[in-house]
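J.: Protein chains in written order, with the numbering used here: chain C, 1 to 253; chain H, 1 to 253.
Any given hint could be a false lead.
To be verified - No farther apart than 25 Å at their CA atoms in a straight line, the calculated lysine to aspartate or glutamate pairs in the DMTMM-like style are these:
#	chain 1	residue 1	chain 2	residue 2
1	C	Lys152	H	Asp246
2	H	Lys152	C	Glu252
3	C	Lys152	H	Glu252
4	H	Lys249	C	Asp238
5	C	Lys88	H	Asp215
Everything labelled a hint here was simulated from the structure, so no lab data went into it. Note that this is a predicted model, so its numbers are computed, not measured.
2 protein chains.
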Amino acid sequence: MRPLIFITNDDGISAKGIKSLIDVAVEFGDVLIIAPDKPQSGMGHAITINHPLRLDSSRLFEGLTAFTCTGTPVDCVKLGIYEVMHRKPDLIVSGFNHGENTSTNVLYSGTMSAVVEGAMENIPSIGFSLCDFDADADFSEAQEIARKVIRKSLDSSFPSHVCFNVNIPKLKNEKIKGIKICRQAHAFWEDRFDKRMDQFNKPYYWLTGDFTNADAGEDTDLFALENGYASIVPTQFDMTAYKVIDEIKNWEI
Amino acid sequence: MRPLIFITNDDGISAKGIKSLIDVAVEFGDVLIIAPDKPQSGMGHAITINHPLRLDSSRLFEGLTAFTCTGTPVDCVKLGIYEVMHRKPDLIVSGFNHGENTSTNVLYSGTMSAVVEGAMENIPSIGFSLCDFDADADFSEAQEIARKVIRKSLDSSFPSHVCFNVNIPKLKNEKIKGIKICRQAHAFWEDRFDKRMDQFNKPYYWLTGDFTNADAGEDTDLFALENGYASIVPTQFDMTAYKVIDEIKNWEI
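Chain C with its partners taken away, still in its complex shape (with noise of 0.2 Å):
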């Protein structure tokens, strides 16, 4: 039997990215696509709990069964697995995400958010992401490590409780050298607002900013991607800092 595979992301069902990581999905298993009806980046680990949700059947990828849904990228994930396949997928993937999604922005992302709720529900999961923001981005590339990524993942025995992040460069002369297992790089944003006035005088903001690499360190995914590789970085869902916790119970607050 053909495994069942669930595919979302956070860019909005009529995103090139989805249409070129299904044209790959589809040579390994059984596709469901549920994805949010307008981008969703930035969304995080957000779910719709103050609205409904609506789930509308889309016929945007011929001889496919397809929804747009008005919730964020990990509705997508709880409405396909309890409402619309009553069963737990044996793969999820999301992507491609336009844009890169290294290091902390693993936090920030829907594409990854979709995930790691997969991991959550220990279904082996899948985030893409090429580190091109351009609508038209050429995918071809990033087709070839996520055929080699999903083949790979369905052959194997999947980590439990745990998702993959990963990460395609942008390369124009050379071809990707490889993939790496890294770990999420210690990197942050230095946010900006683009502060701009209506035209009632009233002031209002944009969220921009530098996102800046402050590891050294060669096992990260941003060194992976800067030399040539894709990354992978298998990511789990427990945020425990177990570092510190004798330390903490020192405090004898």
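Using the hints, position chain H against chain C.
T.: Structure of chain H alone, referenced to chain C:
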């Protein structure tokens, strides 16, 4: 000089919880309040990038500087640091949340994401939640716990790039037994969708479900709370699953 304490929440500026936390914070320092203008529960680490943000002065708290923000709790923290204070505060507190943020709820919780953002900025940051969803909940015991945790946090060397997830049990006829330093329990939502039909006979869905503890450990936040203790989980933003890195390297993708 009195410390500068930044206060936010995810239930919105008019919630009883944030007022109860402000009343504790002013005992320890000067405060700046920026809170969402509407409930933002379940927003996780979402940031607002597809809409502009608004920031409006609030007169809700006499003698204190407060703003409402149209965005998420993480937006509030970013606006506070980079647009309003133009410096890092000495402490960030978020809450009191109306309802628990134990275990994997740390991922969904706007209350906790605000302080995870604080940890990324390397600011001592503490999220406080009372295990009582009632809008009129009694926060007096929670205030006692917050007082102890804030005092100790300001007097101690707060661990770098870590935040605290503090949950306080709802107890009626007994006192809280103390405060336990814990790990995040391995517990999950078994989701359900409440499917209803609108006035045009089209379906819509409300997310609901049951939270189930799959963790028999006695060192978890859920165990502490069930046994009458408040829990503190030191929480980090590095989500790398270090334990499986070598295993995946052996896959030779």
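J.: Would you mind marking each hint as holding or not holding in the structure?
T.: Hint check results:
Distance hint between C/Lys152 and H/Asp246 is fulfilled; the C-alpha atoms sit about 15 Å from each other, no more than 25 Å. For the given pair, H/Lys152 sits about 9 Å from C/Glu252 by alpha-carbon distance, which is consistent with the 25 Å threshold. Simply put, C/Lys152 and H/Glu252 have alpha-carbon atoms about 9 Å apart, close enough for the 25 Å limit, and the pair holds. A distance of roughly 21 Å separates the Cα atoms of H/Lys249 and C/Asp238; the hinted pair therefore holds under the 25 Å criterion.
With a CA separation close to 21 Å, the supplied pair C/Lys88 and H/Asp215 stays within the 25 Å bound.
Hint compliance for this structure: every hint is met.
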